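As given, the protein sequences belong to chains A and B, one line each in that order. Note that the working numbering numbers the first sequence so that position 298 is 557, with each residue one more than the last. Note that the working numbering numbers the second sequence so that position 229 is 272, with each residue one more than the last.
Mixed in with the good hints, there may be bad ones.
[Stated by the list, open to error] Computed footprint of chain B on chain A, listed as stretches where at least three residues anywhere in the stretch have a Cβ under 8 Å from a Cβ of chain B: (1) 271 to 278; (2) 354 to 367.
[Unchecked claim] Going by beta-carbon spacing under 10 Å, a handful of chain A positions derived as facing chain B: (3) Ala333; (4) Ser389; (5) Gly392; (6) Leu402; (7) Ala541; (8) Leu543.
No wet-lab data here; the hints were simulated from the structure. Computed from a predicted model, the values in this text were never measured in an experiment. Note that beta-carbon positions come from the ideal geometry of N, C-alpha and C, so glycine has one too.
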Amino acid sequence: MTDSDVVTVRGLRKAYKGRVVIDGLDLTVRAGEILGLTGANGAGKTTTVECIQGLRRPDSGTLSVLGFDPVTQAARMRPLLGSQLQDSALPDRLRVAEAVELFAGKQARDGGELLDRFGLDERRKSAFSSLSGGERQRLFLVLALLNRPRLVILDELTQGLDPAARRTVWDAIRELHADGTTVLLVTHEMVEADALCDRIVVMRAGRMLDSGTPAALVARHANVATVEFSWPDAPASLLDELGGLDGVRDVKRTGARITVQGSRATIAHVGAVLVRHGSVPADLNVHVPSLDDAMLSLLNGPQVPAQAAPDQARTEEELIGGRR
Amino acid sequence: MNAMGRLIKAEMKLMVRDPLVLTFVFAFPIVVMLIIGGAFGTKPTPGFDNTNPSHWYVASYLTVTIAAGGLVMLPVHLASYRERGVLRRFTAAGFPRWSFAIAQLVVGLVTVAVAAALLLAVAAPIYGIPTVHSPGRVVAALVLGTIAFLSIGVLLGSLLPSARAAQAVGLLIFFPSFLLGAGGPPPNVMGSIVKAVAGPLPLSQLTDAVRDPWLGIGPANGALIAVAAMAVVATVIAARRAAL
């Protein structure tokens, strides 16, 4: 751990009734970064952030969040966190403005301004139960940002948001980032992770599979670009030329359809060859490797020992505020 | 305002907006008291320990408001919060560990006090308010009983898995307690088996501890001690369960 680390997790292990959900996880969130935590369903992402928030007591391992131990110093740590939890709610009859008033501590920002910014100004007097899914998510974000947190934890933040609302939320997160706030973002949306995150940690079955910048993950796990087009009477010289290009790994011909696979640079080289041959096929299709491809590659890779999905066990373990 | 104050303020508003509270804690005891309070007339009879039956029921129904608050209102409220993740949100937001339990106690006490005042206000012009023979004992029993039943409510709300389950179990406990321990026939007309079942019920103990010193039937020392013991034990356990 260094002074610039906001969260350090070492050897975290958590099981529910004997079923291992987190299995020796190491994780670091550096000051001022947006770290994306992603992985398949049941990978242990939510349990991990619940341990970081002090909502769950780990079976073993050590955690430090803003210099505090979430297990023994939760009361001092939580006022410094802004949390948007998965699967939580507010009282049905609580109105939007009352929720802001309820959650606003001494250092709170102007709640009205936040409501206005997230398009909830006209819903101030509306009961929580009357809000749409997207409005609820935006209200949760308002509450998470209200008390000028040093670390913001957002779990499935943009789930249920329409594209415009999603953009508004992304802009808000970018502004937080620009202000130096550290963000831990749990997401299944690779477009979101790619757009926002400085680094991404990929989890499966309670373990970290890999971590890195979005570009690094793509380079490591999805570095195959594909160019496809039709050329009914393609001369053999064309295929030979394509096969000899820098970065090309494979050239296939199926009837009139030609598929070229290789590095990203392949796209430019193939384009140049086609121009030189005086034809750019109308059905030219280019697939650039994406973070989605990297995730699929990672998650479909060699299996680590399978573990049960934690949801049922987690529900059974719930007490009033969640067992710590 | 600090976190505790903000929580109490919000919970007060929510309580007033809750139809279950309005109907079950405020309206139900009043309506049933009006009906049954007039059913046996006003002439003192041995079945009512030689007191005016209407006054017997006016005194008894104060405890019905307490039981309705503790056995039905609070468990449903709490189980609903837990089921939907509201409590986890409070926890994650850094509300002090005991703030929710204390807020529920304060809101419950105020709710019961308002419900009791309404009941007496409605009873006064119709049946009259019976003279309170031992005010100190009556007040002590009411306060301790309210704390005890609210704590029982917190326990039920923390143990039952959902709001529906809390409502079902709460009503299942409430109605037999109500009929045998406060709002039904007086113990003197019950059969021996029913009387034996009714006697030890928490609501029977509370009703005896309130009604007997109020109407001058007796000090009800045993009942008052039982209510005090319930208050202490239930509060200690409930406080641990209700910590965020």
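These are the hints, each one checked on the structure:
Residues of the region 271 to 278 of chain A with a Cβ under 8 Å from some Cβ of chain B number 0, which does not satisfy the need for three, so the listed coverage is violated. Here's how the region 354 to 367 of chain A fares: 6 of its residues keep a CB closer than 8 Å to some CB of chain B, so the rule of at least three is met and the hint holds. The beta carbon of Ala333(A) is positioned within 10 Å of a beta carbon in chain B (closest approach about 8 Å), and the interface hint is therefore held. About 13 Å separates the beta-carbon of Ser389(A) from the nearest beta-carbon of chain B, more than 10 Å, and the hint is not met.
For Gly392(A), the interface hint is violated, since its Cβ never comes within 10 Å of a Cβ in chain B; the closest pair sits about 14 Å apart. Taking 10 Å as the C-beta cut-off, the interface hint given for Leu402(A) holds, the closest approach to chain B being about 7 Å. With 10 Å as the threshold, the beta carbon of Ala541(A) stays out of range of chain B, its nearest partner Cβ sitting at about 53 Å, so the hint is violated. Annotation: interface hint on Leu543(A) violated; nearest CB of chain B at approximately 50 Å, more than 10 Å.
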